[in-house]
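Start from the sequences and build out the full structure, keeping to the hints where you can.
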Amino acid sequence: MSSETNAESDMEYSEDDCSYEDYYNSVDDCDSEQVDFKKVDPEHHMLDCLSVEEVERLLNESVEALCNELEVVPSLAKVLLHTHEWAVGRVISQFRSNSSQLLISSCVKPAIPPVQHQENLTYMTCPVCIATHPREKFCSLACGHMFCKDCWAMHFEVQISLGVSTGIACMAQDCGVLTPEDFVLSLAPRPQLREKYQMFCFRDYVKSHPHLRFCPGLNCNVVMLSKELKAKKAFCTQCKTMFCFNCSLDYHAPSDCNTIKRWLTKCADDSETANYISAHTKDCPKCHVCIEKNGGCNHMQCRNCKHNFCWMCLGDWKAHGAEYYECSRYKENPNIANESAHAQAREALKKYLHYYERWENHSKSLKLEEQTVQQIKYRINEKVMTCSGTWIDWQYLMDAAALLAKCRYTLQYTYPYAYYLEPGPRKELFEYQQAQLEAEIENLSWKIEHAETTHRGDLENQIDIAEKRRTTLLKDFFES
Amino acid sequence: MAALPRRIIKETQRLLQEPVPGISAIPDESNARYFHVIVTGPEDSPFEGGSFKLELFLPEDYPMSAPKVRFITKIYHPNIDRLGRICLDILKDKWSPALQIRTVLLSIQALLSAPNPDDPLANDVAELWKVNESEAIKNAKEWTRKYAVEN
Chain A
1 MSSETNAESD
11 MEYSEDDCSY
21 EDYYNSVDDC
31 DSEQVDFKKV
41 DPEHHMLDCL
51 SVEEVERLLN
61 ESVEALCNEL
71 EVVPSLAKVL
81 LHTHEWAVGR
91 VISQFRSNSS
101 QLLISSCVKP
111 AIPPVQHQEN
121 LTYMTCPVCI
131 ATHPREKFCS
141 LACGHMFCKD
151 CWAMHFEVQI
161 SLGVSTGIAC
171 MAQDCGVLTP
181 EDFVLSLAPR
191 PQLREKYQMF
201 CFRDYVKSHP
211 HLRFCPGLNC
221 NVVMLSKELK
231 AKKAFCTQCK
241 TMFCFNCSLD
251 YHAPSDCNTI
261 KRWLTKCADD
271 SETANYISAH
281 TKDCPKCHVC
291 IEKNGGCNHM
301 QCRNCKHNFC
311 WMCLGDWKAH
321 GAEYYECSRY
331 KENPNIANES
341 AHAQAREALK
351 KYLHYYERWE
361 NHSKSLKLEE
371 QTVQQIKYRI
381 NEKVMTCSGT
391 WIDWQYLMDA
401 AALLAKCRYT
411 LQYTYPYAYY
421 LEPGPRKELF
431 EYQQAQLEAE
441 IENLSWKIEH
451 AETTHRGDLE
461 NQIDIAEKRR
471 TTLLKDFFES
Chain B
1 MAALPRRIIK
11 ETQRLLQEPV
21 PGISAIPDES
31 NARYFHVIVT
41 GPEDSPFEGG
51 SFKLELFLPE
61 DYPMSAPKVR
71 FITKIYHPNI
81 DRLGRICLDI
91 LKDKWSPALQ
101 IRTVLLSIQA
111 LLSAPNPDDP
121 LANDVAELWK
131 VNESEAIKNA
141 KEWTRKYAVE
151 N
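Residue numbers (UniProt numbering), protein chains in the order written: chain A, 1 to 480; chain B, 1 to 151.
Read the hints as simulated data drawn from the structure, not as lab findings. If you're wondering where the values come from, they're calculated on a predicted model, not measured in any experiment.
Quick list of in silico lysine-lysine cross-link-like pairs, DSS-like style, CA-CA up to 30 Å:
(1) A/Lys137 with A/Lys149
(2) A/Lys227 with A/Lys207
(3) A/Lys137 with B/Lys94
(4) B/Lys10 with A/Lys149
(5) A/Lys149 with B/Lys92
(6) B/Lys92 with A/Lys207
(7) A/Lys367 with A/Lys468
(8) B/Lys74 with B/Lys138
(9) A/Lys149 with A/Lys196
(10) A/Lys109 with B/Lys92
(11) B/Lys10 with A/Lys137
(12) A/Lys233 with A/Lys207
(13) A/Lys475 with A/Lys364
(14) A/Lys233 with A/Lys367
(15) B/Lys68 with A/Lys149
(16) A/Lys149 with B/Lys94
(17) A/Lys406 with A/Lys427
(18) B/Lys130 with B/Lys74
(19) B/Lys94 with B/Lys68
(20) B/Lys68 with A/Lys196
(21) B/Lys94 with A/Lys207
(22) B/Lys92 with A/Lys196
(23) A/Lys306 with A/Lys367
(24) A/Lys351 with A/Lys266
(25) A/Lys109 with B/Lys94
(26) A/Lys351 with A/Lys406
(27) A/Lys364 with A/Lys427
(28) B/Lys94 with A/Lys196
(29) A/Lys230 with A/Lys364
(30) A/Lys240 with A/Lys227
The structure is reproduced here in structure tokens:
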């Protein structure tokens, strides 16, 4: 156990948890590289951003390993690996135990005995173009279905133009035998077409490889490599896109891949109504002056009457700060089962809108806080220019803004999770933690927006608390 | 336009010389890739007695790509929609360059004998075909009489 982990666990630890001797003598004490990140950060994910060349090298290593082990040609090795998720070990053991069955299930060999041809024929008729050619103008795959080389070339041209590559099969009806790479490349006439074919093959290989993902960023050629096949955070260092390694959608902890997919579909269907209902302005609950939200923070202070209130629930902010914060919790109507279908539909819409408004609101806040970051930069620049501190002195403000964005992002994605959670103690616990996180985030946001009047230590303390709330929530609900 | 491939000429000749019973396919005078097709409703099917007009077009890369076929006569069938488009595997992913116009039309004729409501194109028709087959067959017969029988 390292000092970092101890610091994370809590402020209060007892002597038997970690004696002073351990504390000073542990080997990895000074080496933060060796900390077990999994324990500290539930989102931690070991990932590599690879270029196309690096991925090709990686795939070729597997191909080579299989060729050496089984003494097969590379193009056959590629078909076997592609149809078996690039599991070299599995392919080798299946080949050893029953090679014929493996070749049939990989669509290299036909399930029925191949068609026999008379060897001494000098001319044959191609069943596709119905032309008669000398025997040497014909070829076939392992299934023995003979076609002339011109027809094969035409077949490849059409298939590749449709985007098919590793899936190109024999031309005979109901014959699923696949064409290996060397067969296609030797018969496809145009260099441009061959290039296209190899590009499509590469795409298919990456897609069939469980540890590889294309970065979903626009025009980005990076391929991510991960040993862990989980819905974890992937960040492309090239184009800065953050996505979920499992489903390639926007990263969505603590919601899982299914939840977020359902949620996004639902939002796409229903959000027009929601947008209509939740207008962009609200009235001050005290003096009723119309207020447009221009910052990310949900702790509002009316410019007119100085009333402090919460933008979400329009309740007095005093009730949010210290006491039990529960503006994020949706209160279900307990008598709903006895109500009419119309009332139930209304209740369902109300429930959805509750979660949708909060989801949408935090998404908007994230964008507004991006503007705050620009303002902070501007203000820091001003201060440095007027000699009040160096750039480094004000750096903590930038750190605070970055952490705020990270926390609010997670908070945004807690709402789809909560929407689909079944009512019960687990949901109560989740919404309690969510409320705690939300309260700390709004505190942080308020302090950042009022940085001039906030003490640095106070702000740094707030950063710490918010991040701890976030990791606690993720540890409890994302990993399981 | 490029010269007509030998394969299309051969197929056309054979369709005209040895036509399939119940199917006629005649190339258009101005475009040899376009066929006017008439399929007669198979015996013991709700389409019996009707003659259904179809159009068949051989695309540029035929036979590497499947022919395009469509019903012109209205027909009440779970695998044929109201635009006459046909849900048939060999016209889509199961197409093989070794198949021919003749085999395609035979498959369409067989589809009239054996509708497949589990793989529907016209959803409302398929639904009725599953829950109330006799009612669906009644509709199919009525449509056949209304649209596919020449007075």
